[in-house]
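Once you have looked at the hints, place chain B on chain A.
Chains as they are written, first to last, in my numbering: chain A, 3 to 414; chain B, 270 to 679.
These are computed hints drawn from the structure, not numbers from a lab.
Don't take each hint at face value.
To be verified - Selected chain A positions facing chain B (in silico; Cβ < 7 Å): (1) Glu169; (2) Ser304; (3) Ile334; (4) Lys337.
Idealized CB from N, CA, C, for every residue including glycine.
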Amino acid sequence: MSDVFSQYQAGLQRLLIRLEQDHPTYTEVLVYQQRLLENLARTRLYGDTDAGRAERAEILDRLNRLALEAVGQSFNVIVGTALSKSGAAAHGKGDIDAKTGVAEGDDKEGGVTGIQRVDTEGGALIFGDVAVSGGDFVGGDKIVINDDDSVGGYRSGITLVEHYQQELEKARKAGDRAAEGMALDKLGSACAARGDFHRAVTHYDQAVAAARAMGDRQAEAIYLQNLGLAILRLADAEPDQRQAHLSRATDTLLRAIGLFDAAGAASLLRARTRYHLGRCYHQLGQWREATALLEQARESFSYHKARPELAHALLELGQLYHQRQDLESARIYLKDALRLFRRLNDADGIAVAQEALGNFALQTNRPTEAIVSLREARQGYATLQRSERVRAVDDLLRIAHQARRPAGGTTS
Amino acid sequence: MSSIARYRDTLRQWGLSDVPFRATPPEDPVRLSRVFYGRQRELDLALPALYEGRNVLVRGLWGVGKTAFILYLLHRLQQETAALDERMLILYVGRFPGETTEALYKALLLPLSGALADVEPEAQRVWDVLSGLQITHSRQLQVEGKVDLQLVSLGGSWERGQEKGWQLQNVYTVLLHLLDVAQQQYGRVILAVDDLDKKDPRAVRDLLEDATDLLRRGQGRRGFLLTGRFTSALQDVSGQMLGLFSEIIKLPRMSTNDLYHIAVNYLNTVRKRPSGDVTPLTPEVVAQIAEYAYHIPRQFNLISEKVMRRGAMEGVRQIEERAFSTLWRMVQDEFSLELTPEIRQLLYVARRSGGLSVDIDDAALEQLGVETFVELLPVLKSLEGDLLIRQEDGRLLPSALVPDEEEHGG
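Looking at chain A on its own, in the form it has when it is part of the complex (with noise of 0.2 Å):
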């Protein structure tokens, strides 16, 4: 499966490079890139399923008709040649491993604690995102990590940082500004996912700088976006700096929003966007804005049949309606993510939601329907080894079992 993977790796950048950014059809190759690397990380973590093939031929065959339309050769004939110019395909180490998704260090908590750390928290999306928990998921460049956190694809032995910092200094020694801030972007990335969210974002402000300086208002978007994570995911490490953070985040987020907009990108990319700033909102307690935002990325999220995306959309979605006592829509909301995660077949999507749902019946006393969402999330987070949640979802079957005893009596 890695060699697939880094086939088509190497063929997206290539496809990508040919295009170059200004190009009508860049967007929806990044969109499609997106898509293809996620149904292959889900591929690789939880093996392959009919679904996950049909949907593999399908972004394929538009990446070919793309490629044909824009570049003269088809997606597989510039998968083939980029094969044959790196010699990646034949690459024992490049092999992505399916058993963990962790590059290095012991803790497999939820959380980003150690700096070469990558937590794919259960398979979540890994490629190009920082920590991913939940619904992080971003648009732009994609970082394929071996479990020796060398570059996948790419010759093994150098960090991926390491790799990233010298394509930065090619690129400025041949004074290529588009390639520098890439370059960053890709850095800022790698930082991100090791955890080092403070030099990511120094990385992807200095790409931000870098498009601009360029005029190039769409590779601004994405940097702006990938930066707007980066700051999301400082709030979460930094509590005491949280609002600071979310406001940051926000305000970067609206800027790429506008640049999207403006430059009338793919409206999936858009989607995406309005997906991250809706989840800063959320966080931020401005309920309003957030639940336009969320409602607006799962319509669009949903029109593609973007299902990864539209499962964590109608989770955040469900959570956000729990919050603000709209009972009935947060449990329809759930529910769907719920049958979403499952028709994805993934593990930590399902046992999140399967949290909130329990979560949610506790609050609206049905202890009973608590319990059985709960003991699933449970034995989701436990398969996931992520034992902080298992303590959590512990401390909520216990008042579950408690709520469902009858008054003086026992639980059975």
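Then chain B, alone, in the frame of chain A:
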């Protein structure tokens, strides 16, 4: 004999001048009071609360009779307050455009400014401005001694006409001022806003949150009467958490006996001499219709109207069980012809799935061409009422008017 002649002839044989049943209740409170029946417990709760200027929320399933209840309640409030020789201004806003607090405030301002135009120059100015917004409205004013009851329903859009300079600044401040004037004039003001349940529930939630200040002010001299769906247990929690209402009155479905009396009342409105029976229907047929209608008055009236019209067209002397069975099949077939294939498919899936709810299985969703239940919500909202009947557990079942295509062999 022509169709119309036969129709008229049958009605004459039935001793009726018309088929009296209508899906929506008469807006004229006097006419409404002739057909209204039951709800005594709910009236006993709501009347004193409103009289004391407290907020009341009336909730219930679509078609269960909230509008009829509110109109009758206001009519009773008007009569009983007038009998005490006390003053009161009662305003009723039915349909109104928009889903924002400003839209609500403007909707309230229209009848309020109309009621005060003669005594307050500011009210006259507001009335002139709002009248210029091309808002269409129907208005009824009833004066019962010292108690005015104004009923309005509004159409159009608040935005239209603004380009001509028809604008109202500080709507909320103006509303508060005129409410104060109204209280000085009348002592007590009751503001009823119907049809909130027909708007987007999330928008209504935002609207109520924004209007919290208004709803909390003036308690004791100013009461609000609002409607909401708030049908399921989940919605109860959130509705009550608003803490804005002294009484939250749930209107249950109506019993067969209540619906029988409503049928008698309706029939008496078109009879030369009132009677206590349901001729040309029979008590058994009324019970059957009540069951088909899920005991929801709107469905009951709708089915009764269609069956009686078809019976009159066919020249049926009495609609007893056997005749009803034939007529019912005909009505269902006619009803089915009005449905698009997509809606028919949705209703078919709803029936086969035991109702549509978020617990629907993936195969049923696939049959409907969607991946999530959320995607269905807009279409379900548009069909709820006449075609889909909400149950207390949240499921939406197809109206009995929609034939079971397998049973019909279609």
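Status of the hints after comparison with the structure:
1. Glu169: Given a least distance of 39 Å, the restraint on A/Glu169 is violated.
2. Ser304: 6 Å, holds
3. Ile334: 5 Å, holds
4. Lys337: Holds, about 5 Å.
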